Structure formats: structure tokens, C-alpha cells
Amino acid sequence: MMNGTGNFLNRTDTGDRELALQEVVNHKGDFLTLLRHANYPLKIDLPSETTQHAVDVEIAHSTTVVAVRYRDGVIIAGDRRATAGTAVIYDRAEKVLQIDRHSVLAISGSPAIAYEIARILEHSFQYFRRSQLQELSLQGKLRMLSRLIRDNLAMALQGIGGVIPIFALYDLGAADDENGGKIFFYDALGAHFENVNFATTGSGSIWIRGVLRYLSRFGDTPLHEMDMQQAAITILRLLDIASEYDAATSGYNAKVQIFPTIKTVTRTGVNTVSDDDLATWYTEAQPE
Amino acid sequence: MRDEPYRWIEAIQDRQDYIEDQLRPGSPVVGITYNEGMMLLTISKGQRKIFEVHDRIALSAIGHPADIERLRMLVTDTASVQGFQNATEDINLHRLTNYTLAPAFKQAFESIVGEAYIIKMLLAELGSTSERNQFTGINFDGIVRTNATFAVIGGTGAIETGMQNYLAAAQTDTDRDLTAALRLGLETWAVGKELSSRESDETESEDTELDTTQMYEVIDTAREEGEIEGGVLEAAQQGASKFRLLTAQEIEAALK
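Those sequence lines, one after another, are chains E and P. Position 20, counted from 1, in the first sequence is what this note's numbering calls 20; the numbers after and before it change by one each time, with no gaps. Position 88, counted from 1, in the second sequence is what this note's numbering calls 1088; the numbers after and before it change by one each time, with no gaps.
For the record, the hints were derived by calculation from the structure and aren't laboratory data. It is possible that some hints are incorrect.
[What the hints assert, rightly or not] Here are the computed distance ranges between Cβ atoms for each label pair: (1) T1179(P) x Q257(E): 37 to 47 Å; (2) A1066(P) x P41(E): 27 to 37 Å; (3) T1179(P) x A87(E): 18 to 28 Å; (4) L42(E) x E1069(P): 20 to 30 Å; (5) A1180(P) x Q134(E): 56 to 66 Å.
Please read all numbers here as calculations on a predicted model, not as lab measurements. Note that the Cβ used here is the ideal one computed from N, Cα and C, for glycine as well.
The shape of chain E in the complex, shown without the other chains:
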């Protein structure tokens, strides 16, 4: 369809304009197709010799993100530390990113790729809604993220661009509020799995996964019956535990009042829990 003269935005003569209009009305709300037509580079090609070392490299994912299904939807959190090797290079990183009014992506892995995936995802959902005059379905959103992660496989295998996210959203089509919150875990190839009650990923996740399982099965208040405050306090404590054992994860930094990022996804939309609320709850939740 595309000729070699450039993208549709630059065409001025009548023939080109007609072709351009034909192209823009023919696609079906796919933002990636639109970006390709505009010659936006969606993939980065590395020298072939780099790939020879691919199998020896483990995907780096230094962080801890965690999502829990609670009474009104999903609560999802991430620590704020960014590291390069053993160095802490930033202590206010945002790893929990709002994608649209009812979905959030928590990222672990390469920040550059993860932020780009989140940005493409956000614009893709918006573009579908604006062009097709309806929201992209839940399955459509899941597959879009799968596609972006799969397209990034070469970078992931080379150990410099792996992304393992958690995708949390609220399904407005759910029959009742209790079943609206959904948590999906992705692997590096783009396969997604729905987690019923919780999901956690990143280097610190191994230290808290068992605790989450214990709380889910044997806790006085099961995770899915917790209110927002209970769930937030539980998550703060879990990230504190992860930070005790994992150098790449930060907990609550009392000296400069830096808390993890915590967002809720409910029928009414995405909400960020304020630092003031977190400070109060964290203090109240300390053992006497």
C-alpha cells in the first residue's frame, strides 16, 4: 500500500492525497499499522554477532511489583528503586503506569522498553476508541500487550530489553463488582495467564510470593475480602519484606518520605493512593 515517498501526513498532490485517505480509512483501528505508515521505527535491529551470546544472558528484572485482587477491584504497587548493577541510580522511579481509565501496567525489566510498551499501549487503546467509536475489548487489550512483548523477543533474549509486566484492569462487563478486577501475568514470549487473587514479579518477588499464597489461603481476612486500606497496608509490608532481602527493591524510605507507588483499579476508574494516606496507614500498621 505504501509508496516510498514518505508518510501520509506529508502528501500534498491530489493522487497522493487520495491514496493517503484510502490508507487511513482502510485500517481497522490498529495503531501499530498507522505508526508503520508514518515510518515510525517499532523495532531496533542489533548487530547479528550480539545474538550469538543470547542464550548466556539472563533477563534482568531488578524490582518488585505486586498486584492483589481486593474487595472493590485490584490494588497494584511497585517499589521506586532503579539500579544499574549494584548502584542505586534513582529512587523515585514510577513502575505502575496508568494505561487508560480502567487499566494499569506494572513493569519489571528494562525501563526503556517497558516505558515504550506502556506508551504504545496507551496510545493504541485511545486510538481504537477514537477511530472505531468503541472501547477495545478486554481480550483485545490482552492480545495487544502480548504482541508488543513478543515483538520485543530479540531484545529480551539478548538480555538488554526484557520486560515482564503485570497487567491489571477492571472489566466493566463483569456481572458484579467482586468479579470486575482482573490480574494478568505475562512471560517474556508474550503468553498471558490470569491470576485469580494475586501476582508478583521482579527480583524481589520470590521473597513474597509464598507470603501472598499464605495470606490468600489462611489469612484472617482473605486478600479478596480486604478493603482498600487493609490491602494497601498488606502491600506496604510485603514490599518492606522484599526490600529486606533484595537489594534492587526499595521499601518505605523514612528519611525522605518516599513510598512505593500504589494504585487501585475499580469500577470508577484508576486512583493513586496519596502519600499522606500511605504515611498514616504505615505508621498505624507498625507493631507496638
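Starting from the known structure of chain E, fit chain P onto it as the hints suggest.
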């Protein structure tokens, strides 16, 4: 034909008459501001007429549905790509209208051997402050008009003048709420609809002399075949996207 200027001008005039005849029965669109943002309002028959273009930009149009769809996609695609490649803050209505839409309108209108766009478009942009709000109308010949507080599109210039006169006279309360804005928008729409239903020589009077009761009779009659459609850009809307369609409850509340 381009070698004979007189015939070219005649062809352009014929084309203008043809397009205006096609646009005359179209359902007018009203754009007004209110205390929380901006509103586009019309009564449509089955086919949606008010659209979100980008985070702070909405669009409506009258004309042939295929032309509306084609140009809506052009401006939506342009805004989406530019917003992604640069930043969403770099998208503004001035650039979209003057560099993308208006040239396309003008070129199609003056290419007398090609198809003309049967369309008039009205776009709204929510500014960073209410003083920066802007309505922009684009005529089928590519002429652009902007206004900060209200704008209309109707089938002919006389219909638009009649609607503008009604709106200008009602501009005493600029701090109106959503319900008041909806009522004013509907009344203005009724003025435009009444003018468009008259014979072309009568329309030139630009004055309907309708009282409020008669206006709502015009609206009730139109609602038998269509439905009221409103879209708003609200500064307080959560997230980057400020557009939403009005709910049936909000519309019914304004009609009580």
C-alpha cells in the same frame, strides 16, 4: 476548462450551489462553553455526529456521512501519530485545521473534475484555561473561522447567521452550568432547524420569531425520528482525555 476562466468560475459557483443544496436539510450543530468546559450538541438520526479527536479536541460535522468519516479519520490519524511521535501537548487545533483539514477541503472544492466534499465541520479545543478555549468552523471551501465562546454550523450561511444571532442575544450568562448550556444549545438548534425547513427564499430572513414553547415543539418533533447527541470536553475529567458523551439522564434532566 481551466483555460477558460469564466467557465471555471461558473463551474465553481455551480459546485457551491450543489453543495449548499445538499447541506441545507442537515441537522445543525451548536458549540457553546459552560462553567466546566465546552459542549457540542445536535439531534442525529441513527448515525453518530460528535466525535473525540484527541485528548482535548472534539469534532462534529454536517454533510455526507462518507465524507465526514473520511475526514474525521484523516484528522484523528494525524493527531494520533503526531501526539505519539512528539507529545500529546504538541497537538493543537490551529495546526490540525490550518495544515491538515483546510487544505484538503479547499483542494477538493476547487478540483472541479474531482469529487467535492459535502461537509461543514465544527471542532472544539479545550484550552489550558477557559480563556484559551476555541471553536473552529471549516466551510466546505476550506475557509476557517474561530470563536472563543460559541460557534454553529448549519446548511447555509443564513441558517448559521440566524443561530448566531440567537446565541449572541443569550450570551448574558457566560457562567452557565451544564443543564443551562444544554437548554440553550437545544433552543439554538431549534432555530437552525426551523430555518433549514423553510424554502430557500424565506431562509434569507434569518429570523424565526419562534417563542420558547415553539422551539421545544420543534425539538420534540425531531426527537420522534432522532435523538439528542451531546459531547463535552471537561477540564475536571480524570486522566488526559477530557472528552465524554452526555448521558441520557443528563439530557432528560435538561428537558424537564
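Taking the hints in turn, this is what the structure says about them:
| no. | hint | verdict |
| --- | --- | --- |
| 1 | T1179(P) x Q257(E): 37 to 47 Å | 44 Å, holds |
| 2 | A1066(P) x P41(E): 27 to 37 Å | 34 Å, holds |
| 3 | T1179(P) x A87(E): 18 to 28 Å | 58 Å, violated |
| 4 | L42(E) x E1069(P): 20 to 30 Å | 27 Å, holds |
| 5 | A1180(P) x Q134(E): 56 to 66 Å | 31 Å, violated |
In this structure, the earlier hints numbered 3, 5 are contradicted, and the remaining ones agree with it.
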